[in-house]
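Asks: One-letter residues, chain by chain:
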Amino acid sequence: MPKIDNKVIQNRDQIIKDLGKFISKENILSHQDEIKPYETDGLTAYKQKPLIVILPETTKEVSKVLSYCNKNKIKVVPRGAGTGLSGGALPSADCVLLSLGKFNKILEIDFKNRCVVAQTGVTNLAITQAVQDNNFYYAPDPSSQIACSIGGNVAENSGGIHSLKYGTTTNNILGLKVVLMDGTITKIGGKVFDSPGYDLLGLMTGSEGLLCVITEVTAKILRKPDTIKAALLGFPTIEDSGNCVGEIIAEGIIPAGMEIMDKALIQATEKFSKAGYPLDAEAMMIVELDGTDLDVTELLKKIAEIGKKNNCTTVKISNSEEERLKFWSGRKAAFPACATLAPDYFCMDGTIPRGKLAEVLREITRLSKEYNLPVANAFHAGDGNLHPLILYDANDQQSLEKAEKFGADILKYCVKVGGVLTGEHGVGIEKRELMCEMFNQNDIQQQLNIKIALDPSSLLNPGKVYPILRKCAEQGRIHVHGAKEKFSDIPRF
Amino acid sequence: MELKKNSQTFQDFNSTILKPSNEEQIQQIIRYCYKNNLPIEIVGTGSKKEIGKNLQCKKILDMSNISGIMDYKPDELYITVKPSTPINSIQEELKKNNQYLAFEPVNFEKIFGKDSKEGTIAGALSCNFSGSRRFKVGSARDHILGFKGYNGKGEKIKSGGTVQKNVTGYDLSKLIVGSFGTLVVLTEITLKVLPLESDTKTIVISGLPLEDSLETMGSALNSSNDPSGAVFYPENFRNSFIFNDLAYPGSITGIRLEGTFGSIDRRIKNFYNQWSLNEKKTTILDKTQSIIFWEDTRSLKVFSNTDKSLLRAVVPPSETTNLISRLRLFHANYFFDWGGALVWLELDYLSSEKIDQIRKRVVDVGGYLTVIKSKQNLKDSTEVFTVDPIEFRISQNIKKSFDPKRIFNPGRMYRGI
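Taken in sequence, the protein lines are chains A and B.
For what it's worth, this note's numbering labels the leading residue of the first sequence as 1, then goes sequentially.
For what it's worth, this note's numbering labels the leading residue of the second sequence as 1, then goes sequentially.
This is chain A alone, in the form it adopts within the complex (with noise of 0.2 Å):
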């Protein structure tokens, strides 16, 4: 991480009183025991307790906040639920860390417009739930919904099992109220489509808390279909559920969600929530249709069918709503049953070019035998998002290294087969080394200068996601390859 700044450790109590000149003393978290919770997020290898913590109740506080800690040099961790698996929200010892926990009201729901404004840290979940009654809903759907907050979905620009059909964060919202690290407070967007100069929309969705904080949420919001059914396939081996997949797609389909299994997977979720999963399948895919009755029923026969010509020894088709998410309740429950399978797991989060899938899970395979840490694997196949979960033991200092490594090399692998690192889970620190697998120095120095564009010090959530040295993002460069960086000894932003 960024070398801490000591100066600001020892001025510690003169932070707390300046902010306590505009923040409420009962929102700064300073003592040991209060900040503890704050000391990771999803990524629970690496923890780090902050300085202190602010929990802001208005975007005006948290203007001040910035804007101060801007003029005096401070680092700033913004977080929204803490449910991230890149470590995007873990702080540094330095660093005021900024929860927007309080931010938690629906502020206006809109069925005119098709759009919901909520405050940054409303659950993801709460969207649908605000607007269910009336048959909408907000379609990304990650599989920490029911915590994870909108803001950090726009944050991290987070999928789900829906993304084929309907996209990511970045495609389903209309606006948003960001605050900069100078602490300007300012609107992109609204209730409208598009933007008339660039798209800032666009570019601060996915910027994982570097460019800005963000504050309100304009959702997009979609009628629900009026059917919806899964089908359950059981393969033979993994090759024919990719075969699968591929043929739906050229079969013109394009299914709400589209998600494969391996064994290992397909074995722990079946033990943890019963769904009726083919347990002598080497592979299962669970593929869901939406629209009007008849479409979805043609099209699921059309399913079978190539699920039958790929050599599928299951197909069960749901006939209720209770069956389907049955179907699904196995899937959602993946990264839990997994926790039965090992005190510990590394959720690897590259994209392939479909037509690769067998080859990459043959790969990871081989890394599997030779790293000697087994590894489960699940598959947002429609997309090509991959999710390997590699098991290991935090406790045992070695097993924590290798299964980084493990993971190192499967997404450096994705890469090599015209994929990418991460999906929908950020690069955060976890993947930050490996950014040099995908870019070049033009290429991560181009972003970088947008980074010193909106924030010149690089005080917003430092550290993450770009692996240069600081001195060299302001003033030259230097290439870092793999995980190998040619001068270690030098701290890192």
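For the record, the hints were derived by calculation from the structure and aren't laboratory data.
Computed from a predicted structure; not experimentally measured.
We treat Cβ as the ideally placed atom computed from N, Cα and C, and that holds for glycine.
Where hints are given, some of them may not hold.
Computed list of chain B residues with no C-beta within reach of chain A, every gap over 12 Å [as the list claims (entries may be wrong)]:
hint, residue
1, L55
2, E93
3, K117
4, L214
5, P234
6, K280
7, N333
Dumping the calculated DSS-like pairs for lysine-lysine here, alpha-carbon to alpha-carbon at most 30 Å [claimed, not checked]:
hint, chain 1, residue 1, chain 2, residue 2
8, B, K405, A, K71
9, A, K112, A, K165
10, B, K148, A, K416
11, B, K148, B, K82
12, A, K271, A, K416
13, A, K165, B, K269
14, B, K375, B, K281
15, A, K49, A, K21
16, A, K412, B, K269
17, A, K316, A, K271
18, A, K187, B, K400
19, A, K412, B, K73
20, A, K224, B, K308
Dock chain B against chain A, hints included.
Replies: Frame of chain A, contents of chain B only:
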């Protein structure tokens, strides 16, 4: 301009029009212009050249040679093309595999009367003016997966990739779309493609007053019948649409349905029941007529060869009626797309003051206005795009980060960018 044969090196820097024939030459030209502080106007086929502020650049970078499909993987749902590839030829290639670019870029051929036809893919992306399917599938910015190109220093940069889901680094692809060539000279673009809908029909309700039409479109968009177009033409445009099956006079409210044959008929039935369409002047346009109707909408047929000014307002659909009544004194011809969220306005007499007044009314209801064509050539004296001061400041910083010497299309969007 002459190119030395068998050489990758660009020769004729003295010409006003610099026409590279490969990537290396693009880079040489940009580096040359960067070094010598020469502003460049970037053009493809020039189909949208008139949109934006007038440019007076010392050099013109003619990208029309940089054209062609580089990679197309129907199973992976993407196509990679060079920037000056004509949109038509991309759609033709995709059609062979029953696929298409779903965002229906606006075709300005009938407005600017150019031989350039529909223009290039880079032009469509630079403007981000998307067609009637916007509320369902998104605009051009939602269909770009990645790009390669050169920044204002002549450094090759890339962002995104070819996969559908990707959050690795900032999403620069979205920033490039709609930037009117002010940030990057593109050399490669990867786009998401989708399966063509197997069938389409359009419900046309004739003679609805504006308020009723907007309500009907709103209820269509809020229904589970999944429309992919909702447009309103007032009565004065009725004669622009001649279809065998369309017999009724009066305004046109068109609702497009796409999908499988059976499902479309089911959804049409739903609408008949919901809206008692039997009691209204309703026509169903079949596939052939429907395709023509929406092509006419996409190419702004009702404003064909207009010698008037053309404005584009995007507003929250709940505010459309309010906006139209507030604009009545300007005596504009108009039609709505996107279920009322997009208003095209044609005006005879326009002045900078008038544009400011119209823009204020659009901004007051939460929207934005873009001047597409101005008869009186007001583009130097008025803003073409809508931007607030803070967004302007951010945009200026972003521009600097890509193009520090402001050599790419300087001033095309705003003064200072």
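Asks: Compare the structure with each hint and give your call.
Replies: Hints, verified against the model:
| no. | hint | verdict |
| --- | --- | --- |
| 1 | L55 | holds (17 Å) |
| 2 | E93 | holds (16 Å) |
| 3 | K117 | holds (24 Å) |
| 4 | L214 | violated (10 Å) |
| 5 | P234 | holds (22 Å) |
| 6 | K280 | holds (22 Å) |
| 7 | N333 | holds (22 Å) |
| 8 | K405(B) with K71(A) | holds (29 Å) |
| 9 | K112(A) with K165(A) | holds (23 Å) |
| 10 | K148(B) with K416(A) | holds (18 Å) |
| 11 | K148(B) with K82(B) | holds (10 Å) |
| 12 | K271(A) with K416(A) | violated (35 Å) |
| 13 | K165(A) with K269(B) | holds (25 Å) |
| 14 | K375(B) with K281(B) | violated (37 Å) |
| 15 | K49(A) with K21(A) | holds (24 Å) |
| 16 | K412(A) with K269(B) | violated (52 Å) |
| 17 | K316(A) with K271(A) | holds (19 Å) |
| 18 | K187(A) with K400(B) | holds (22 Å) |
| 19 | K412(A) with K73(B) | holds (22 Å) |
| 20 | K224(A) with K308(B) | violated (43 Å) |
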